[in-house]
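**Q** Please put together the full structure from these sequences, using the hints given.
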Amino acid sequence: DAGVTQSPTHLIKTRGQQVTLRCSPKSGHDTVSWYQQALGQGPQFIFQYYEEEERQRGNFPDRFSGHQFPNYSSELNVNALLLGDSALYLCASSQKSGWYSNQPQHFGDGTRLSIL
Amino acid sequence: AQSVAQPEDQVNVAEGNPLTVKCTYSVSGNPYLFWYVQYPNRGLQFLLKYITGDNLVKGSYGFEAEFNKSQTSFHLKKPSALVSDSALYFCAVRPSGSARQLTFGSGTQLTVLP
Numbered sequence: 015d016a017g018v019t020q021s022p023t024h025l026i027k028t029r030g031q032q033v034t035l036r037c038s039p040k041s042g043h044d045t046v047s048w049y050q051q052a053l054g055q056g057p058q059f060i061f062q063y064y065e066e067e068e069r070q071r072g073n074f075p076d077r078f079s080g081h082q083f084p085n086y087s088s089e090l091n092v093n094a095l096l097l098g099d100s101a102l103y104l105c106a107s108s109q110k111s112g113w114y115s116n117q118p119q120h121f122g123d124g125t126r127l128s129i130l
Numbered sequence: 003a004q005s006v007a008q009p010e011d012q013v014n015v016a017e018g019n020p021l022t023v024k025c026t027y028s029v030s031g032n033p034y035l036f037w038y039v040q041y042p043n044r045g046l047q048f049l050l051k052y053i054t055g056d057n058l059v060k061g062s063y064g065f066e067a068e069f070n071k072s073q074t075s076f077h078l079k080k081p082s083a084l085v086s087d088s089a090l091y092f093c094a095v096r097p098s099g100s101a102r103q104l105t106f107g108s109g110t111q112l113t114v115l116p
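Chains as they are written, first to last, in the working numbering: chain G, 15 to 130; chain R, 3 to 116.
Bear in mind the hints are in silico, worked out from the structure with no lab data behind them.
The beta-carbon is built from N, C-alpha and C at its ideal position, and this holds for glycine as well.
It is possible that part of the hints are untrue.
[Stated by the list, open to error] List time: in silico SDA-like cross-link candidates among lysine to any residue, alpha-carbon distance up to 20 Å:
(1) 110(G) to 53(R)
(2) 71(R) to 98(R)
(3) 60(R) to 117(G)
(4) 110(G) to 68(G)
(5) 51(R) to 118(G)
(6) 110(G) to 48(R)
(7) 51(R) to 28(R)
(8) 27(G) to 110(G)
[As the list claims (entries may be wrong)] Some residues of chain R that are not near chain G, with every Cβ distance over 12 Å (derived):
(9) 57
(10) 63
(11) 64
(12) 75
(13) 79
(14) 81
(15) 85
(16) 87
(17) 113
(18) 116
**A** Below you can see the structure in the form of structure tokens.
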């Protein structure tokens, strides 16, 4: 049973460029959340997707956008990249039935994004 | 707003000794509390959770955590540390019965010395 998979594992971009990160949730999961983890910090919630719609959003600018596909996979897009966007981007999946319950999220290994 | 504090950036312990990684939280209402572990260049792995009931929660790899409501703490413990336990540990919280996302602490780097 495959867990959460993310691609690519590493990415190098320059300021002002745009980037797309991809995530496939764990089998049986229908909800995808994205987190940004800067060096030396804990993960910060970006947004959550369910039924192809953004359901919740953290304190991130509109440069961060996403999409969820009918097969529950998801993309994170970041426009006009800044040096401060350099971080590990983590995808986590869960089931909608777990939103209000105690079920933990399952995390992928992340995409390391470096901005030059 | 909910928040988590992990007061120690680094914890060092000798192999075979007990370990404690501290966590305090702030949340409206009753909390759901979680501990995750992160190894280098990897994502977060779930260790254990507190939802309700017994204040002592047992999890994976021999870890346990003690919930203390009056002190708003959820410290992670293990009776006998292994070198392989060396990793980055995160405490996280969200209000019970809420769809709000997890709020993580800043992490504690645990180093177990042989």
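**Q** Hint by hint, note whether the structure agrees.
**A** Do the hints match the structure? See the list:
| no. | hint | verdict |
| --- | --- | --- |
| 1 | 110(G) to 53(R) | 18 Å, holds |
| 2 | 71(R) to 98(R) | 14 Å, holds |
| 3 | 60(R) to 117(G) | 15 Å, holds |
| 4 | 110(G) to 68(G) | 13 Å, holds |
| 5 | 51(R) to 118(G) | 8 Å, holds |
| 6 | 110(G) to 48(R) | 18 Å, holds |
| 7 | 51(R) to 28(R) | 16 Å, holds |
| 8 | 27(G) to 110(G) | 34 Å, violated |
| 9 | 57 | 15 Å, holds |
| 10 | 63 | 15 Å, holds |
| 11 | 64 | 18 Å, holds |
| 12 | 75 | 17 Å, holds |
| 13 | 79 | 19 Å, holds |
| 14 | 81 | 23 Å, holds |
| 15 | 85 | 22 Å, holds |
| 16 | 87 | 19 Å, holds |
| 17 | 113 | 15 Å, holds |
| 18 | 116 | 25 Å, holds |
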